[in-house]
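With chain F held as given, fit chain S onto it using these hints.
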Amino acid sequence: SQQGEEDPQALSIQEGENATMNCSYKTSINNLQWYRQNSGRGLVHLILIRSNEREKHSGRLRVTLDTSKKSSSLLITASRAADTASYFCATYYAYSGAGSYQLTFGKGTKLSVIP
Amino acid sequence: GAVVSQHPSRVICKSGTSVKIECRSLDFQATTMFWYRQFPKQSLMLMATSNEGSKATYEQGVEKDKFLINHASLTLSTLTVTSAHPEDSSFYICSARGPLAGADNEQFFGPGTRLTVL
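Respectively, the protein sequence lines represent chains F and S.
Be aware that the first sequence starts at 2, since it is given in this note's numbering, and climbs by one per residue.
Be aware that the second sequence starts at 25, since it is given in this note's numbering, and climbs by one per residue.
Isolated chain F (complex conformation):
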């Protein structure tokens, strides 16, 4: 079953503005990952944050993780038109027995950056 839920479902901003997307999940996790997907294309891995980490940066991306609230946020600073895509969080967690891990995706946020 789906583990993650993103909000908002859709976000439209002007180029140069910051975009924040949130993700909530249900079970304990090993790590949480964010992916980008351009329309009709494959996934691009953006960033991974482990369960014992609280914040991580990569270029214009900043990810936070709050395991007590079972939530994460992805911040894209100084957005560009090329950032227009769908963004998914995915949680890595043990789903049955030892060694059985599964990567489960949230519903995604569709980001539109207007030039």
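Incorrect hints may have been included.
[Said to hold, decoys possible] Selected chain F positions facing chain S (Cβ under 7 Å, derived; list incomplete):
id	residue
1	L49
2	Y102
3	G109
In case anyone wonders, no lab produced these hints; they're calculated from the structure.
Glycine included, every Cβ here is placed at the ideal spot set by N, Cα and C.
This is chain S only, laid out in the frame that chain F set:
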């Protein structure tokens, strides 16, 4: 990062035919491969997990007789959609994980295959 390829990238077929999609790990040995399905404007849903040399484990609601998965080698997994129908039209994405995935259990994703059943 590691590279995973899929073939074909796009396929259109008539209802009732079977379609085979290949997933290859190009520069690492994939002990575990995953198949996901994505309907338009929706998220990826895991269909099945396969370990090399053993039968695939299917998620609840996924028909194993309809979606045949073979993981015969450490670099190749195939998904065969048997007797495809229009409702099987979707974007199919494979993912692979190697034996040295580490604590992060990294998975690498293929570019996806767009299946359209007429």
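Does Y102 (chain F) pass the interface hint, meaning its C-beta sits closer than 7 Å to a C-beta of chain S? holds, 5 Å
Taking 7 Å as the limit, does the beta-carbon of L49 (chain F) come near enough to a beta-carbon in chain S? Because about 6 Å separates L49 (chain F) from the closest Cβ in chain S, which is inside the 7 Å limit, the hint holds.
Given G109 (chain F) as an interface hint, is its Cβ closer than 7 Å to any Cβ of chain S? Constraint on G109 (chain F) satisfied, holds at 5 Å.
Checked against the numbered hints above, the structure breaks none of them.
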